[in-house]
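Novice: So the chains spell out like this:
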Amino acid sequence: MSGLGDAWPDALRELILEVLRDRRARRFALDPAQLARAAAALVPRGAIVAGACDAARLAAAQRELERVHAAELAFLLREAASLLLLQRARSRDPASELDTWRACTREALEACAADALALDARAVELLEACLTHPPPSWPSAVDLARLALRLEPCDAGRLRLAQAWMAEGEPWGASGVLALGLSRGPASRLEPRLLAGLARAQSACGERFRARNIASLARARRREGVPA
Amino acid sequence: MVEPRSNPVPAQPVPASDLAAGDLARDQDSNAADIAQRRPHWRQLLSGSSPREVLARILPGDPLELRRLAGERLRERAWLCDADRVFLRAVARCARFAVRYRGQPELKAWLGERVDEALADLLREDLEAERAGQPAEPEASAAYEDLARPLGLAPAAMRGVCVAFNQLPEPERKAFFALVIESRSLDELARASGAPATEIARRARRALDAVLLAGAAKEPPR
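Chains as they are written, first to last, in our numbering: chain P, 1 to 228; chain B, 1 to 222.
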């Protein structure tokens with residue numbers, strides 16, 4: 001599989017590929033190329049507003065604004081997943097975090113409506129459901145995180161989805177998501193967290209020897225210097 | 001809510017409210033200063049019924065001087081990125097989050113934060129695009145050609161080169177920028193930074209190796 005950083009020790013590279021060769025992880029792996037195609041389909045391409053003195057520049061800036069909106073919705077979906085995980089960990093509603101999230105989400109949806117954007121209907125549906133219902137009635141953290149990752153492929157999204165899979169008792173799900181993210185170079189600044197997450201997930205899968213090796217090689221890589 | 005810095009969103013929205021008398025007085029003072037400098041007040045620029053409306057106001061002529069701010073940020077931290085893309089994304093972020101700005105922090109600091117967010121967005125998106133093997137967007141291709149020419153690299157390789165370069169530690173990026181792109185001398189850099197010339201050369205060499213490796217990886221087979 002191409003793309004793994006040339007600076008990685010061969011042993012760590014081989015461990016990642018070993019995880020991906022396991023069909024239990026492979027069925028959860030989200031291919032970056034497929035994610036990119038999905039994200040391109042989900043991010044709307046708004047109409048060019050006529051009348052500007054430099055129409056092409058304005059159109060380019062409006063496309064950037066659409067991306068800002070889409071990334072913001074993805075962030076809010078990830079945060080909603082995080083709130084559910086927090087609730088599960090604390091066994092109570094995270095009240096102040098929830099209020100903040102609701103205020104940000106209302107504003108974001110109003111801004112999208114004011115800009116007359118044709119947004120991903122499923123993202124709007126999930127966010128509005130979370131606004132109007134208490135967390136126990138929300139969609140699952142996995143559903144929220146998975147949609148966020150489709151809307152904006154990124155390592156923060158992979159981490160959140162992996163956390164959601166672990167909370168659902170599905171460590172092979174977490175393994176598949178993280179291993180595929182790690183297998184495609186170049187590395188991001190979140191690489192240490194992805195590696196740590198993969199080690200924990202593999203340990204939970206019962207693959208303790210592989211988990212220890214991943215953790216040990218990840219520590220060595222950190223000592224070499226993570227991306228700035 | 002805590003999210004890795006790779007996806008920052010500005011602080012939570014503040015409900016709209018009438019100005020207090022003190023705010024009005026401060027606004028009048030700052031308004032007078034801006035009028036004296038023939039610059040629109042931030043309230044005139046950043047108010048609007050939608051982000052799109054604000055965008056249409058702050059893009060033409062760049063009254064907020066975001067392009068200069070974007071250039072400064074790229075130079076300060078030695079990022080290899082198309083300044084125009086950073087500018088357009090920063091304009092979009094300012095338009096979206098203008099509704100939350102109430103005069104604090106000071107405008108330049110608030111604009112700087114939006115430029116930093118725009119940079120983080122684009123660095124992350126380019127990395128994901130490289131992972132997915134997506135072709136560069138047409139608007140970006142011209143800038144990549146400009147970046148490729150002085151480095152003697154193929155334009156098609158430049159996004160991958162930029163991604164690899166921007167992942168390097170900041171001292172290495174700065175050393176490479178100063179020596180290779182700005183053509184400053186080792187002695188001058190050593191004097192300015194206080195670091196030994198050999199260490200600066202080592203940093204620049206590591207950055208150059210990363211650039212050439214990334215460029216070679218993208219070269220079509222001969």
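Hints in this document: simulated from the structure, not taken from any laboratory. Every residue, glycine too, gets a C-beta built ideally from N, C-alpha and C. Any given hint might turn out to be false.
Simulated coverage check for chain P against chain B, where a stretch passes if three residues somewhere in it have a Cβ under 8 Å from a Cβ of chain B [as the list claims (entries may be wrong)]:
no. : segment
1   : 58 to 64
2   : 184 to 195
Here are the simulated distance ranges between beta carbons [to be verified]:
no. : chain 1 : residue 1 : chain 2 : residue 2 : range
3   : P       : 114       : B       : 120       : 43 to 53 Å
4   : B       : 105       : P       : 114       : 23 to 33 Å
5   : P       : 114       : B       : 154       : 39 to 49 Å
6   : P       : 131       : B       : 190       : 34 to 44 Å
7   : B       : 77        : P       : 216       : 28 to 38 Å
8   : P       : 88        : B       : 198       : 51 to 61 Å
9   : B       : 152       : P       : 114       : 21 to 31 Å
10  : B       : 202       : P       : 125       : 47 to 57 Å
11  : B       : 145       : P       : 91        : 22 to 32 Å
12  : P       : 206       : B       : 206       : 48 to 58 Å
13  : B       : 188       : P       : 24        : 52 to 62 Å
14  : B       : 202       : P       : 129       : 16 to 26 Å
15  : B       : 206       : P       : 14        : 52 to 62 Å
Here are some chain B residues pointing at chain P (derived, C-beta under 10 Å) [stated by the list, open to error]:
no. : residue
16  : 45
17  : 49
18  : 53
19  : 55
20  : 97
21  : 102
22  : 103
23  : 104
24  : 105
25  : 106
26  : 108
27  : 143
Novice: Each hint: holds or not?
Specialist: Verification of the supplied hints:
Counting residues of the segment 58 to 64 of chain P whose CB falls under 8 Å from any CB of chain B gives 5; the rule of at least 3 is met. Counting residues of the segment 184 to 195 of chain P whose CB lies closer than 8 Å to any CB of chain B gives 8, so the stated coverage by that chain holds, three being the minimum. In this structure the supplied range 43 to 53 Å is violated for residue 114 (chain P) paired with residue 120 (chain B), their Cβ-Cβ distance being about 25 Å. Hint check: residue 105 (chain B) to residue 114 (chain P), Cβ distance near 25 Å, so the stated range 23 to 33 Å holds.
One distance hint, 39 to 49 Å for the beta-carbon pair residue 114 (chain P) and residue 154 (chain B), holds here, with the actual separation near 43 Å. At roughly 58 Å, the beta carbons of residue 131 (chain P) and residue 190 (chain B) sit outside the given window of 34 to 44 Å. Separation of residue 77 (chain B) from residue 216 (chain P) is about 33 Å and conforms to the stated range, judged on CB atoms against 28 to 38 Å. A C-beta distance of roughly 54 Å is found between residue 88 (chain P) and residue 198 (chain B), which places it inside the suggested range of 51 to 61 Å.
In this structure the supplied range 21 to 31 Å is violated for residue 152 (chain B) paired with residue 114 (chain P), their Cβ-Cβ distance being about 48 Å. Look at residue 202 (chain B) against residue 125 (chain P): about 54 Å separates their beta carbons, and that is inside 47 to 57 Å. Checked against the hint of 22 to 32 Å, the C-beta distance between residue 145 (chain B) and residue 91 (chain P) comes to roughly 57 Å, which is inconsistent with it. For residue 206 (chain P) and residue 206 (chain B), the hinted distance range of 48 to 58 Å is not satisfied, since their beta carbons lie about 40 Å from each other.
Under the hint 52 to 62 Å, the C-beta atoms of residue 188 (chain B) and residue 24 (chain P), about 58 Å apart, fit the expected range. A beta carbon spacing of about 55 Å between residue 202 (chain B) and residue 129 (chain P) contradicts the range 16 to 26 Å that was offered as a hint. Taken as a hint, the range 52 to 62 Å is violated for the pair residue 206 (chain B) and residue 14 (chain P), whose Cβ atoms sit roughly 25 Å apart. Annotation: residue 45 (chain B) was flagged as interfacial toward chain P, and the flag is violated, the nearest CB pair being 15 Å apart, outside 10 Å.
At a threshold of 10 Å, the smallest CB-CB gap from residue 49 (chain B) to chain P is about 6 Å, leaving the interface hint in force. Of the supplied interface hints, the one on residue 53 (chain B) holds, with its beta-carbon coming within about 8 Å of a beta-carbon of chain P, less than 10 Å. Taking 10 Å as the C-beta cut-off, the interface hint given for residue 55 (chain B) holds, the closest approach to chain P being about 6 Å. Given the 10 Å rule on beta carbons, the hint for residue 97 (chain B) holds: about 9 Å separates it from the nearest Cβ of chain P.
Annotation: interface hint on residue 102 (chain B) violated; nearest CB of chain P at approximately 14 Å, more than 10 Å. At a threshold of 10 Å, the smallest CB-CB gap from residue 103 (chain B) to chain P is about 19 Å, leaving the interface hint violated. Interface restraint check: residue 104 (chain B) against chain P, minimum CB-CB distance 18 Å, threshold 10 Å, status violated. Interface restraint check: residue 105 (chain B) against chain P, minimum CB-CB distance 19 Å, threshold 10 Å, status violated.
Look at residue 106 (chain B): its Cβ only gets to about 23 Å from chain P, farther than 10 Å, so that hint breaks. Interface hint status for residue 108 (chain B): violated, as the beta-carbon distance to the closest one in chain P is roughly 21 Å, over 10 Å. Given the 10 Å rule on beta carbons, the hint for residue 143 (chain B) is violated: about 12 Å separates it from the nearest Cβ of chain P.
Hint check: violations occur at hints 3, 6, 9, 11, 12, 14, 15, 16, 21, 22, 23, 24, 25, 26, 27; the rest are consistent with the structure.
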